[in-house]
Structures are given as structure tokens and as C-alpha cells.
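Participant: Given the coordinates of chain A, work out where chains B, C and D should sit on it, guided by the hints.
There are 4 protein chains.
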Amino acid sequence: MSFNTFGHLFRVTTWGESHGRGIGCVVDGCPPGIRFTLADIQADLDRRKPGQSKHTTQRQEDDRVEVLSGVLEAEDDPETLVTTGTPISMAIWNTDQRSKDYSDIKDRYRPGHADYTYDVKYGIRDYRGGGRSSARETAARVAAGALARRVVPGLDVRGAMVSIGTKGIDRTRWDWAEVRRNAFFCPDAEAVAQWDAYLDDIRKSLNSVGGVIEIVATGVPAGIGAPVYGKLDQDIASGLMSINAVKGVEIGNGFEAARITGVDNADEMRMGNDGQVQFLSNHAGGILGGIATGQPVVARFAVKPTSSIMTPRRSVTASGEEVEVVTRGRHDPCVGIRAVPIGEAMVACAIADHYLLHRGQTGRV
Amino acid sequence: MSFNTFGHLFRVTTWGESHGRGIGCVVDGCPPGIRFTLADIQADLDRRKPGQSKHTTQRQEDDRVEVLSGVLEAEDDPETLVTTGTPISMAIWNTDQRSKDYSDIKDRYRPGHADYTYDVKYGIRDYRGGGRSSARETAARVAAGALARRVVPGLDVRGAMVSIGTKGIDRTRWDWAEVRRNAFFCPDAEAVAQWDAYLDDIRKSLNSVGGVIEIVATGVPAGIGAPVYGKLDQDIASGLMSINAVKGVEIGNGFEAARITGVDNADEMRMGNDGQVQFLSNHAGGILGGIATGQPVVARFAVKPTSSIMTPRRSVTASGEEVEVVTRGRHDPCVGIRAVPIGEAMVACAIADHYLLHRGQTGRV
Amino acid sequence: MSFNTFGHLFRVTTWGESHGRGIGCVVDGCPPGIRFTLADIQADLDRRKPGQSKHTTQRQEDDRVEVLSGVLEAEDDPETLVTTGTPISMAIWNTDQRSKDYSDIKDRYRPGHADYTYDVKYGIRDYRGGGRSSARETAARVAAGALARRVVPGLDVRGAMVSIGTKGIDRTRWDWAEVRRNAFFCPDAEAVAQWDAYLDDIRKSLNSVGGVIEIVATGVPAGIGAPVYGKLDQDIASGLMSINAVKGVEIGNGFEAARITGVDNADEMRMGNDGQVQFLSNHAGGILGGIATGQPVVARFAVKPTSSIMTPRRSVTASGEEVEVVTRGRHDPCVGIRAVPIGEAMVACAIADHYLLHRGQTGRV
Amino acid sequence: MSFNTFGHLFRVTTWGESHGRGIGCVVDGCPPGIRFTLADIQADLDRRKPGQSKHTTQRQEDDRVEVLSGVLEAEDDPETLVTTGTPISMAIWNTDQRSKDYSDIKDRYRPGHADYTYDVKYGIRDYRGGGRSSARETAARVAAGALARRVVPGLDVRGAMVSIGTKGIDRTRWDWAEVRRNAFFCPDAEAVAQWDAYLDDIRKSLNSVGGVIEIVATGVPAGIGAPVYGKLDQDIASGLMSINAVKGVEIGNGFEAARITGVDNADEMRMGNDGQVQFLSNHAGGILGGIATGQPVVARFAVKPTSSIMTPRRSVTASGEEVEVVTRGRHDPCVGIRAVPIGEAMVACAIADHYLLHRGQTGRV
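Protein chains in written order, with the working numbering: chain A, 6 to 370; chain B, 6 to 370; chain C, 6 to 370; chain D, 6 to 370.
Extracted from the complex, chain A is given alone in its bound form:
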């Protein structure tokens, strides 16, 4: 990981700001021969896109991805692109670049945002819409993740919201199909109406709320990952923690593991009828000693409430004046909702990366 690059062999570098020319990424180290369509990537981007319900910002970001390098059209289908093994550059142009009036935020530090820290660090700051610290950067990750998903045969990475603010779900009602049906990526159909009303209240009270997202990856080959600073769970945690507004990450039963006993936490093993080792539970979240067990990899992350709220908060300006900050305009009352496909992308990238690393070091697949 360097400043704007992550990954060891499957390496993703992102660039861009929310109000400049656009954002993009360069995916280096992708295997040759990976087939995909623009529609594949667009489908993931569309799930992240704002403006899809009353609970996400109404800004219209027309997130059309353009692939600039690293692919050829498939000989058998011009719609299908095939990676050549060279860097895949992708861009998502900012369509609305007209000069807005940012005078109200140019010099004032919005609480919960990175305005102050960018100024302290760099002595200069792109104040337009958050600049580099804007969540818009995450669209580039989603595009990279769409490729990563295709690198590992049989891999499936899905995400769902498991709580919004104080509202959780009933896990016995978990239904992946439901996740695609509602605006919250909620796996519990009965919780949806409750969440809807709850978020309406939050928004009307000029407030916001956070949430917790769970990512589940199946088809993760046993053996990928590595000790001791190349742990698969470590790289997943690192990737998820790099998402804007994320304040916590768990693998498997996570913090719950600290509360239960060793007897209860043990994932016992038996031989399956297929002659393979079978785990009788998955408290570990599919990873032991940093290496995948072959069980589903399970990670959760906590997103803080949207910092841009219409309730005034006390702050200061760059010149030291004390002010009150109110963020006007429509913002997601829960930015966590749109973080679901972003979390999927980061987990997919980490798994693809470790798949290549493992193949490199051991020659096993």
C-alpha cells in the first residue's frame, strides 16, 4: 500500500477529485484473458450510484465508466473485452463541472470531514465538494472490484446492511434475494419498512445515522492468504478501513469472539462425505492464521453517520474564526447504504490479490 495504491500483485491505483475532470483507476497485474463487459462494471457502479432512492443523495452522478487501456475486443464478441495483462486504466468523468459557489465551505472546516486535516497536512486543499476525500473516489474501487471478481474462478462476493443506527435485522430471516429488492441492501424483508420510517425521521430531524455492512465471500480457495503481515483478514481489514467514514472492521464473529469462551468459539472439524475437511461452524469467518479455510469469508464494517447534516455544528475557519457550519443540499442520511458495493469491491480485490500471491509463491491453485 502506498498513498493511493493498494494490493500486492493485483494492484489498484486511484486518482481524481469530486469536482475536477473526473476520477479513475489503473489496475495493474490483472491476469490476461479475463473476459468482461462494460455492462458488468456498470452494474456494480449503478448499485453504488447516488440518487436511487429518497435515502441517498439526489445528486445525479452519471457514473459511466470508460476503459482506456489494457483490453482487446474478444474475437468472438465485440461487446466482450479481454484483458491483455497490461494495465487497465478506467475513468469516470465528472459530467457536471460548472463552477459552483463554494465560498461557504472554502475556508471553514466541516466537522467530521477531512477539511482541517488536509489543510494541516498539505497547506493547500481542493475544497470543491471534498476534493480527494470525497466518497466519489470509491466509484473507482467499485470498477476495479468488478474485475477482481472475475479473477478467481467460482468466487462470489455479496454484501448486505445488517444495521442502520439502532435498528438491526433478524438473521433468521436473512434472504440474499431480498437484498437486491430494497433500497437498503437489507436482507430482512420485515426490517425494510421499519428502516424506511426510521430514516425518514432521521432526515426530517436534520440528522443522520450510521450503519454496519456485512460482506460474505464464497468460493474462496483454501490456502490463500499468508502469515504474518500478509494475512488475508489483515488485508481485508486494511481495505475496508480505507473506505471513507469506516470506523471499525470485524472478521467472523469479530468483537463477539472477545466475549465468548474458547469452548464455544472453537470451529470443530469433521470429515465430509466428499473426503474434504468440514468445519462444523464458522466463528473464524473463513480465515485461520491469516489463511483461508475454504469456508465463507465473512467481514463486517461500521460506517459513521453522514457528517454533512443540516443541524448547525460549531467549528472554525482556516483563519481561526469561530463559526457554525450547516451543510445545505441533499446528502444521504446514511452514507453506509451506498458503502455496500464498495465493501464488496474491497473484499473482492483482496481475495483476487491473494489468489495471485498464493499461486505465485506455491504454484498451487
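Think of the hints as simulated: they come from the structure by calculation, not from any bench.
For identical chains, the list gives no copy identity; a pair is met inside one copy or between any two copies.
No farther apart than 25 angstroms at their CA atoms in a straight line, the calculated lysine to aspartate or glutamate pairs in the DMTMM-like style are these:
no., residue 1, residue 2
1, Lys209, Glu273
2, Lys59, Glu183
3, Lys172, Asp205
4, Lys111, Glu329
5, Lys172, Glu261
6, Lys111, Glu78
Facilitator: Below, chains B, C and D alone, put in the same frame as chain A:
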């Protein structure tokens, strides 16, 4: 991060197994002119050392560190070592290398351990005492961390246990001095007796339990850290998650941030009498947009219960035989306790690394 | 260095092919506050551009650079851009993308080109104009180098051709001003006419020739660079060797050092009137033990003759058919000529990178 | 590459100084299941060892390697070690650590050495025997190289001196068996006597001389290597240039390529009887576009004359006093001789690294 190296500029590579010749680390990129004594490092190692109370394993590991390179004796004091800017190699030799009888664990996969995944990954495994996956590896991190602490002027990194199993603390009684007085690194004097009895019960019932550790770093210069994949919180999370048995990491209020509202979560700002920006709270844990605010950096991590327990658990052998595994011998009923200095070390290393990175890119200190 | 990225802190990632959408780079880790104009970058790009004399290819590449991120307009001058410390993405679009007829090269391996090796490696190859292995990729390096030059105060990096094929120069006539006056970057005015006639002959005989380029950097701060795998000369050699068609690299007197004696090769030292150490010669090329002495850094690299020639050469096709390959169209009879600004860029990037590294580790400037 | 680490997946970190506790390396990312004996490593170390002829320094370095981690004894042969996939730590202890009198070099900068630059960079310097800049560091590379050789099936890496000072060889007499028979690694039996007399003269005149070494690797799988900053030739050049006293590196015909024409330089191709592509010459040195062709990889590097000579050279002290420096004691009149196994090791490491990288990205072997 590669397999056994972490850090960007302040880079730590560790090596070694629990029952081979020893363990060690190479610290590369350390600034020249850092002064320290062997006693400085030993003090941190001693806090991690087993056998210090009835609640940690009674094995006697005489963790004497030897510095093999990268230093000169100070001209004004032969006890003081001064770094020269070249790699600092440190070793901790295994003193008890006599050949034990490992036949009971050689072929059987202990639940919760990395036995199975190492075999799947590498096709070969050092079964003696856990080999590379042994917690003994963490002694090397503690040695590296002792240097890292000295890299950043004014930095102080301290840790404490905030819960053991189901038992927490009363934060209003937090006392850093108390942390050094009890065997649990517990900051709440009144909780100590309760924890003591609780762990006795756990051990007598042939069971184990996990815990949560909180690390607090003060004196972290505002501005260190970086967007977007070189975030300070991300690198801290990555480092903590790389510690054996860690299943979750939080920054600031962490998962609690997902439950409260944006109004409550905002860290408001005012100007201090010293003309510096003052935050009125620290929900963010000292980091915004991946960059330090100058407030204390606060991180917590969850350690799962000790997997080595005397209660039989079902498992299989490498050849597919179904067996029951019981771990004999004394093991910590709560491995989390000894993780406190390890967590401190990982946070200190991340901060030292970002201090150098920030100085490199911006020329600011 | 990964596949398509170089540099430690000043990191450059390039992407793109000769006949796709375009080429570009992402420069990460650039310090904030660096001021430049598009004209600054364009001036360097123009020196690399083909079609400038009869001795370089007549293809018209309109290498206009576009800066996509990482900058703000200077408040005092809208023509001046200021880096913000975030990644600077630059693109140079391919203006002539019409579909040509590549059927004559699609399946046949051109001797001296990477056609065969790309096919062996990836099993798929972008055959259009050389794809990723096209020298067009180097324009992105030149753009990055234009920024690198501005990172180190007082740094000046200049290059010149010191031989073309069998024709050398008289070093006593070295004149940097002359380098800018002729089409060969030749520092010896009297050699120019001779080289001109020589290259005419080469081209008329349907042949090509190589050359040697010398890069001289002044204003390199003493102390930058590092032992033992972060040597400044090593990173310069690595960067120069990564340029297409380069087969050799020298530092200082290079291979000549292997021929002379230790007495003659010693760079003796005396104290200058300014109280600074003065070297009485510079056989070392400004670097000792991988660290800059403060003298001019001198590097040379050898470029092989253009592989695309109109004289038939024997080869094979992807399907194993034996063929003769003739490269039609205008190609540089000496690709080395245009490598001068590319070599400058790679040296400038290495120096900027080590400047930041040194500042990071030692805090010295 | 960081300061003291090289390699992408097969990563080598070295540490140590010439007169401290010892030197060593940590090899990370080595595949599991590689079998070797201590004697294998020792054989390579012994070829680098000083004191083997009157032309190398008479210091007795008893370079016994100790393997500290990352291996198990083979079940079928206790003499054979098997890598486990975890870091392999190796140490070579300094046996003669008695305190010498270094007062004559402590403060004076020896011309050609890194004394001055270390002081400028770090402000502190281990003056004992050159400290970190001592050629003794290269023993650790040789140990790592001995492992690297075993990573790629069928790989053979050999080196020879092709010139000493002004004395070359007759390539028509090249005999690899002869290389092992003489003290110069000279492949031309008739040149040996001439070199012997020449070096005697050099030594008697209190002088020294450099040399050129050629490394030839056969069995390099076609397809390893990568564009454009992960080129195999680039990484070989980087590795060779990192060796002490190396001032130039060539691949294939190297600088000669700049002198000949494209017609002559073309490596034409035909189909072999085995249905494989055959190159009719190897000017390219086995690498095209950074990727191996399957032909022998050929690299050469120039070593400057030994800087430690008994002829006085002018210099200065750390405090600015002008002095004459004479290096007493026996030093190699040509340090290049002992660089042969070091060059082999660096080339072997680069090839092993790219073998793993290629397998990781493409899944091909």
C-alpha cells in the same frame, strides 16, 4: 506489506518459529541518531513475557534481545546505543530447544489454530509449538515497537485491557497508573479483583476467554497519515489485525459510531487559548480522512479466546482420521492479556512510519 | 517497482498502448505546492515528439498532455497549476485511432520487438503498433519527469547524445547550448554535419543504428540515495534500463573504470574556499556507496538500433510458419535520438524520489 | 526495492556490518518444499571468500552460514533442509571481532569509499572496516542466491571474468570448466598466466585494477519478466548495480548494440525441429521487451578498481583537515574477482523472483 514485512519507510521484517533457533526482526529505514538502551527494549519485552502471573502461561521464555547490527555505542555512554540509519537486526534466541514429544499434535489439526491452513497452503508445516504461527513471533514486534516509540518526539503509546470475556470496566475509574500495577493491564482498580476471580473460574472449567484492548497514542503530530490507501487508521487496523487471534479493530468510537446520530457524533471545533484548533470531543479517535488531527489516536482490538484448551474438541488428522483434541500443559486462559504491549508496538510502528512518510512528502514535521 | 509502477515515494504508474484510447500516468506522492504550467510539461514532450526532423519518424503524434487531477489553479495566476499532494493523473490521447490494416504484423513476430515474448507470456497480444511495448509509452514518463524536475530545488537534468552508431563526439567541444540547436541533441557542433550524412546513408541503405546518451544532473543534494538496495545509481540504472531498446547503463566513467587503475580512478578530495569538501575529479559520477556526493550525477545508456527496418529479416508467425519481415512506413533510423528527454525524465524521477526518501528518513534536506 | 530489501515476491533483506556481530539476510516468499543442504550454500560462499589466492585479500573470513528459521529437516535425510514457505533467516557471524585500532580511518574520508557520503547522509558512521558499505555484506546475497537457484527448475547461473584491467580474453577459447580451475574465474586458460603476471605487477606497484564479469543463465523459462517497470533486464541491472563498486551493466551485446546496425543486430527466428521458435543469434541477451525469450540470459557488469590502495591519495578529514590516505594491510588488487559469485547470486534472485511473479499473474509455468 509483504508476507513478513510491514511498514512503508519504517519497515519491519520478522522471522523465526517458536521452537527453532529463535525469532527476530530487521528494522529498516529507522532514522539515524535514535538513542536507546537494551533495557528500554527489554522493559517492553518483559511486559509481553509469559509466566508473570497465574493467568499467563507458565512457560519460561527468557526473552533476552540481542542487537546484531545498525547501532554504535554512544560516545558519551557505552550503555546507550545509537542507530546509524542502517538496518537494525535483533534476535531473541530460543533457550529451550530440547526435542519435545510433539507426536500428539504433529498430524492433528487443533481447532482455532492455523495447523490445517498451513498444511493446505504449503503442504508442509512446522508443527513444533505452532511454528511460525506461534504468538512468540510477536516478541519481535515488541522489540521493533520499542524503537518506533523513540522516532517521534513526544509520542506516548499506552494500552490497557477494557474487557475480559463478559467483564468490562467503569471508564470513570480509568487510571493509567493502575494499568502497571495489576497483571491484567486493567485501568480500573475495582475491576481487578472481579477479573481475577472470573479468570480463575474460566481456567478451572478448562476453558478460556477473549478480551478487548484499547491503545491510546498521544503526541501524534497533526497532519501525519494520508489519503486514501495510506490512511493512518487503515495502517493501524492492518497492523493490529495482523496480531495472532485478533478478530476486530475499531478507531475512536468504532462500531458505536454506527449506532449514534450525526449530530451526536460530530467532533465540534473551537479555537484554543493557544491559538490552535481545539476539538470539543474525540469520537473520531484522532483521525479524519486518514490524517491525524493532533488529538489522541484511539484504537481498540478484539482478541478471541485462547484456542488451546483442556476441554476436548472434535477435529481431524492430516490423513483424515476423526479425533478429539485436548491441549495439555499450561496456556494462558486469556491470550489477550499479553497482547497489550503487542498492540502498543503495532500502533507505535504505524505512527513512526507515517511520521517519516509525512516528512518525506511534505517536508513538514 | 511493480509491473507498471516505479519509485518509492515519488511513484509513477503508466498505462496505455500506442493505438488505443491514449496513454497516461498517475504520479503519486508528489509534494504539495509544486507549481508548474502545462507549457512546462509540453516543452519536454515536444522534445521527445516524433516528426521533428528527417531522422525521426514522420508520424504526427500530437502529444498534448491533459492534467486530470491533483492540481488547483494558482490563486495568483490561472495559467499556473499547483499540486495539492494528491495523485496527479495525466493523459495524452491518441488522436489518430482509425483502424489501420495490421494484418501483416498481427501474427508475425518482428525481430527485435517484443511480439514473440508478449505472446509467450500472456497468450494474447495487442498487435496494433506494438501495443504496450510501443515507445509511445515513454511520453508518459516525460510528463512525470517534468514534475520531478520541480521537486528538488536547484536541480537541473540535461541530456545529450554522445555517439550514433560508430560516430562519436569530441568532448573538448562539448557545448550544452549546441544540444538545443540540432536535431540530434549533439553537444559537438562539428559532429552534427557528419552525423547527418551518416544517418542519411543508414536510412538509404534501409538500415538503422543505435546510440549512446549521456545524462548529467547538477544540483543533486549530497546525501540523497541509500545503501544497499536503495542506491541512487541502482535506481537510475533501473529506470534507464526500463526504457525501450536500452541494453546498457553506466554511472560516471562506467566500463572505463574497469580498465584503469585505482590510482587513476581515485577522486581525490580537498577543502574548497567555501569550507565545503571538493572532489578533484568525478570518475564516480557523483555517487559513492549509492549516495550522492554533491558532484554532478552522470549516467550513460546505450540504445540498440531501431528494430523496425525495411531490410527483410527472417522470422516466424504465431502459427509456426517461416516468413520474412519488412517494416514499411517511416521509422526513426535511430530511436536513440528521441530517448534523450526520456533518459532525462527517468533520472529526474529517481533523484526526486530519493530526495523525498532522504528527507523522510533523516529529516535533512 | 527499499533501502535494504530487494525483490517483489522472492524478497531478500540483508543486515549487518563488517565488524559488528555479523551479517545476514532474511529471504521471504521462498516457495515451500525447496530442498537444499548447508553444503550447497557453503559452496557458493566459499567461492566468494577472501584469502583463496594471492590476488584476493588475505583476511580470513570464516564464512560459515547458519540457518535460523524457515526450514525443517527432510524426513528422508537429516542433512537436507526443506523450506516451509516462511521466512528463511540466515546469519554469518563475524569471528574476529576484537577491537582494532581504526583511529587512522575513523575521521578521514578514503577516496572511492562511501565514508564521506555516509557522514553527509546520516551524520554518524560505522567506520570499522567500512561498516555497512563493506563488501562483506555481499556474502548474504550469495547465501540468498544459493536458494534462488533452486526455485526455478532447470535454471543454471554461471559467471566468469572476461577482462581484468586492460587484459581481455579470447572468446573462442571459452571453457566453463576452466572457470573453476583458476583463481580468476577466467574462462580462457591461455589468459590465466598473463593475468597472473599482470596482477602481480599491479600489486607490486601499490596499485589496483577493475574488471568485467559476465553472467550467463540458462534454463530461463520464456515468458518471465514483464513490461514496463518490471522488466527482467531492468531488475537484473538493478541488482547488479547494487553490488559494491559496480559502475556499469550490460544485457546481451550491451553497448556494442549502439555501435552496430539494425540489420546486424536483429536476432532472426526460425522454427526448430522440436516445433519451438529458434533464435538464430542472441544479441538481445535472452530478453525482449523485458520478457525472457528462452535463450540464455546474458549480463555483464563493470567493477571499478579497488579503492583501498597503498599509494597515497589526497583527501580530507571530517573536521576539514587536508590529509593523505594510504590503505595499509592486504586488499584485493582486483575486487572484481570475488564479484563473480555475487553477480551470479543477484541474477539468480532476479530470475527466481520473476518466475514467481509470472506464475502469480498468469498461472503459467
